[in-house]
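Asks: Sequence:
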Amino acid sequence: MRRLTLITSVVLALILAIYFIGIFVFWVVVDRGVAVHQRNVTRSLAEWREEYQSVSSHEDAVRTAEMLEYVQQYYVPSDGYRGTPESEAALQNQRQETVDAFVVALRGFTGKDFGADSAKWLEHLGSNQSK
Numbered sequence: 006m007r008r009l010t011l012i013t014s015v016v017l018a019l020i021l022a023i024y025f026i027g028i029f030v031f032w033v034v035v036d037r038g039v040a041v042h043q044r045n046v047t048r049s050l051a052e053w054r055e056e057y058q059s060v061s062s063h064e065d066a067v068r069t070a071e072m073l074e075y076v077q078q079y080y081v082p083s084d085g086y087r088g089t090p091e092s093e094a095a096l097q098n099q100r101q102e103t104v105d106a107f108v109v110a111l112r113g114f115t116g117k118d119f120g121a122d123s124a125k126w127l128e129h130l131g132s133n134q135s136k
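For the sequence shown, the numbering used here begins at 6 and goes up steadily by one.
Possibly wrong hints are sitting among the right ones.
[Claimed, not checked] Label pairs and their in silico Cβ distance ranges:
1. Leu21 x Thr89: 24 to 32 angstroms
2. Gln97 x Leu21: 35 to 43 angstroms
3. Glu56 x Ala18: 52 to 60 angstroms
4. Asp105 x Ser62: 18 to 26 angstroms
5. Leu21 x Glu56: 50 to 58 angstroms
Note that these hints are calculated values from the structure, not bench results.
Where is the CB? At the ideal position from N, CA and C, for every residue including glycine.
Go ahead and model the full structure; you've got the sequences and the hints to work with.
Replies: Here it is in structure tokens:
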């Protein structure tokens, strides 16, 4: 009877160990995977900042206003998309820098200030085709 209890205890211990190892591996893989993806998204945001921060025509302004909306919604950390605190902070900082650059460019081109509200920028640009 003691031997059966010992075997049962060992089996239960092994099952628990496998369970917790599985959770740890899953956490590391998912957490690291999201962090890697967030670093890639951060690079994309930086590239888009460079590409769309120069507005010299009405078409450029419309594209920048459209990208303004897009970057504000592009892979925002939330439940189900959590990385490391460092990767999330870098992503959010780059997102803000990109949004700020777009707003400065749109402000400089139009002389108006609608902040980071892409809908207002697009409305203004739609009613102001002469620029």
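Asks: Using the beta carbons of Leu21 and Glu56, state whether their distance is inside 50 to 58 angstroms or not.
Replies: Given about 52 angstroms between the Cβ atoms, the range holds.
Asks: Can you tell me whether the CB distance of Asp105 to Ser62 sits inside 18 to 26 angstroms?
Replies: 21 angstroms, holds
Asks: Between the beta carbons of Glu56 and Ala18, is the distance compatible with 52 to 60 angstroms?
Replies: Given a distance of about 56 angstroms, which is inside 52 to 60 angstroms, the answer is holds.
Asks: Could one say that the CB atoms of Gln97 and Leu21 fall in the range 35 to 43 angstroms?
Replies: 38 angstroms, holds
Asks: Between Leu21 and Thr89, does the C-beta distance stay in 24 to 32 angstroms?
Replies: 27 angstroms, holds
Hint violations for this structure: none, all hints satisfied.
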